[in-house]
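Participant: These are the residues of each chain, in order.
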Amino acid sequence: NAGVTQTPKFQVLKTGQSMTLQCAQDMNHNSMYWYRQDPGMGLRLIYYSASEGTTDKGEVPNGYNVSRLNKREFSLRLESAAPSQTSVYFCASSVGEDYSGNTIYFGEGSWLTVV
Amino acid sequence: QKEVEQDPGPLSVPEGAIVSLNCTYSNSAFQYFMWYRQYSRKGPELLMYTYSSGNKEDGRFTAQVDKSSKYISLFIRDSQPSDSATYLCAMRAPSGNTPLVFGKGTRLSVIA
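As they're listed, the protein sequences go chains A and B.
Residue numbers for the first sequence follow my numbering, so the first one is 1 and each next one is one higher.
Residue numbers for the second sequence follow my numbering, so the first one is 1001 and each next one is one higher.
Because the hints were derived from the structure by calculation, they are not lab data.
It cannot be assumed that every hint is accurate.
Pairwise CB distance ranges, derived in the manner of DEER restraints [unchecked claim]: (1) A:10 x B:1058: 32 to 38 Å; (2) A:77 x B:1011: 35 to 41 Å; (3) A:44 x B:1007: 31 to 37 Å; (4) B:1052 x A:8: 47 to 53 Å; (5) B:1003 x A:39: 15 to 21 Å; (6) B:1098 x A:69: 21 to 27 Å.
Every residue, glycine too, gets a C-beta built ideally from N, C-alpha and C.
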């Protein structure tokens, strides 16, 4: 019962460094998402992919890029990390396409600190 | 005004109390309403899901939706220390694959 798996779980970066957060789901879901969660701000959508081959910006896309590598995998890249990107990042997936309310299943989170 | 408003708490109650958690929203197109529970240092997990108006009960949990007031609630009966978590409301419109809109979450502590 892996569900949504994201790596790494913890990472410390220096300002200006780049890194990629990896995410994979084994539920044959069409849609995948990247959120960030900050104290007092709640969950904010960074990017999402409604289906394989498509990606769309969410609420806070600046400073991030994404790749939907295949149906299972959706990666988030920080090209030049900034302290403002210190956050907890959650990958998520759903069946997609307006099916039963589009329930979203979340990964365990990746704690990223940019110093 | 944010699309979804949720009091962040924290809310602290004694074991056995009835807990009421609430969200208000501004988008009348929202039809799907969900409550997620998030334990510390974990990802959110779906707790309750309701379509349109009405009530839904699952064990000690009851979700209510009042679309006329744009107000949703989650009630927890006989609260337990294991219910201590952050509860996030989420909602979306039915058109296409529109992403969920989340509230900021309410942190609940149930004291034994």
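Participant: What are the numbers of the hints that this structure violates, sorted from low to high?
Facilitator: Going through the list in order, the structure violates hints 3, 4 and respects the others.
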